[in-house]
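Asks: Sequence:
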Amino acid sequence: MVLDLRFADGGLLRVGAPEAGRPVALLPGLGVHRLTFRLRVETVLASAGCNHVHLGGEAWAEHLGSGPHWIGLIVPAVVPLAPAGDAVEAALSMAVTNDQVLALERARGGRELPLRLDLAAALPQSTANPCAQGQESRRVAAEDWDAQVRALTTMLAGPDAGAGRR
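Using our numbering, read the sequence shown as starting at 1 and increasing by one per residue.
The set of hints was computed from the structure by calculation and includes no laboratory data.
No incorrect hints appear here.
Cβ pair distances, simulated, as ranges:
#, residue 1, residue 2, range
1, Pro18, His54, 16 to 22 Å
2, Gln125, Thr97, 35 to 41 Å
3, Arg111, His54, 30 to 36 Å
4, Ala107, Pro80, 35 to 41 Å
5, Gly109, Leu73, 22 to 28 Å
Ideal placement from N, C-alpha and C gives every residue a C-beta, glycine not left out.
Sequences and hints are given; from them, build the entire structure.
Replies: Right under this line is the structure:
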């Protein structure tokens with residue numbers, strides 16, 4: 001899905017998934033993991049004097065049995081703007097705990113993982129209302145998410161898991 005962020009000064013940014021690569025990635029950590037959303041940010045119409053945008057927001061798991069479930073806040077990031085007609089790639093990330101990953105696993109039941117990003121953007125150099133917001137959806141294929149969770153559980157188990165060490 002593609003999200004158009006329209007600003008009061010006429011600026012227009014188009015946000016969507018990157019053309020290649022994994023758009024959602026789970027990086028294993030020590031009890032807390034990094035969930036990253038890769039974005040393609042296209043400058044359709046640049047606001048005068050604006051050369052970067054602040055992006056942040058919230059992530060939700062969609063339609064996992066009982067409606068949307070809040071996952072957490074996305075860490076705000078500063079993204080340089082490409083010239084009008086061009087795009088840059090950006091990565092927005094958030095922390096997720098072991099318990100959150102397990103809850104997502106239980107709720108999705110082996111199916112694809114539908115996610116919603118509630119994005120907020122600000123153009124700090126804008127002379128008008130510098131804020132815009134909207135929603136961007138992602139669907140992580142079941143096999144892709146399974147592979148990422150397997151990598152996470154392998155890291156958690158460690159090389160001594162089979163030896164019964166504590």
